[in-house]
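Q: Each chain, letter by letter, is given below.
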Amino acid sequence: GNSVTQMEGPVTLSEEAFLTINCTYTATGYPSLFWYVQYPGEGLQLLLKATKADDKGSNKGFEATYRKETTSFHLEKGSVQVSDSAVYFCALSDPTNAGKSTFGDGTTLTVKP
Amino acid sequence: KAGVTQTPRYLIKTRGQQVTLSCSPISGHRSVSWYQQTPGQGLQFLFEYFSETQRNKGNFPGRFSGRQFSNSRSEMNVSTLELGDSALYLCASSVGLSNEQFFGPGTRLTVL
Numbered sequence: 005g006n007s008v009t010q011m012e013g014p015v016t017l018s019e020e021a022f023l024t025i026n027c028t029y030t031a032t033g034y035p036s037l038f039w040y041v042q043y044p045g046e047g048l049q050l051l052l053k054a055t056k057a058d059d060k061g062s063n064k065g066f067e068a069t070y071r072k073e074t075t076s077f078h079l080e081k082g083s084v085q086v087s088d089s090a091v092y093f094c095a096l097s098d099p100t101n102a103g104k105s106t107f108g109d110g111t112t113l114t115v116k117p
Numbered sequence: 037k038a039g040v041t042q043t044p045r046y047l048i049k050t051r052g053q054q055v056t057l058s059c060s061p062i063s064g065h066r067s068v069s070w071y072q073q074t075p076g077q078g079l080q081f082l083f084e085y086f087s088e089t090q091r092n093k094g095n096f097p098g099r100f101s102g103r104q105f106s107n108s109r110s111e112m113n114v115s116t117l118e119l120g121d122s123a124l125y126l127c128a129s130s131v132g133l134s135n136e137q138f139f140g141p142g143t144r145l146t147v148l
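So the sequences go chain by chain: A and B. Here the first sequence stands for residues 5 to 117, numbered as in the working numbering. Here the second sequence stands for residues 37 to 148, numbered as in the working numbering.
Among these hints, one or two may not hold up.
[As the list claims (entries may be wrong)] So, partial list: chain A residues that the calculated Cβ filter (under 8 Å) puts toward chain B: (1) THR30; (2) GLY33; (3) SER36; (4) GLU46; (5) GLY47; (6) LEU50; (7) LYS56; (8) PHE93; (9) ALA102; (10) LYS104.
By construction, these hints were calculated from the structure, which means they are not laboratory data. Built from N, CA and C at the ideal position, the CB exists for glycine as well.
Work out the full structure: start from the sequences and follow the hints.
A: Spelled out as structure tokens, the structure:
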């Protein structure tokens, strides 16, 4: 079956530091890949997505590239802010199973001023 | 456009009771999915409905059930509640052809 493995947290960084959160996946076929962010007391918000190999998703300074050869979708940001503190989830969706996403365990990011 | 709404936001129940949670998707979205989020198990897929039909189901016992109405609103029901059912229940909607899901704020269920 499908699975997503995320870098274990928590991650603590100083403001303006570089962020990488690793994500690898196992899937049959050609899944779409996503990063979601969850702030305390809220649901998940889509941060970025990529639907095919070599696509780069980007939003709010965050980027991730769909690497089929390494089955990875690592999240990066060049300079984090305190407001980026949240839980980040990597997820995949199999196009033959629309409506069912498989999530990683989540990585808690804390950014200190 | 209004986002996905879930009611109630918080619920406290006792073991053995049953509960019904409601989800209103984004207007025009015909697919509604439900997930259970717990610290130990993370996000787990419960089921998905599209045009009033259950298309996908996760590995949860039969105590967990759902339905979708003609206006795409969805409800999920948990009968004979157990302590382990305490969780954040998240609803997500999508257009149906797209894999991109939009999540509601969740319903926090506490079982005492």
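Q: Of the hints stated earlier, which fail here?
A: The structure conflicts with hints 1, 2 and 7, although it agrees with all the remaining ones.
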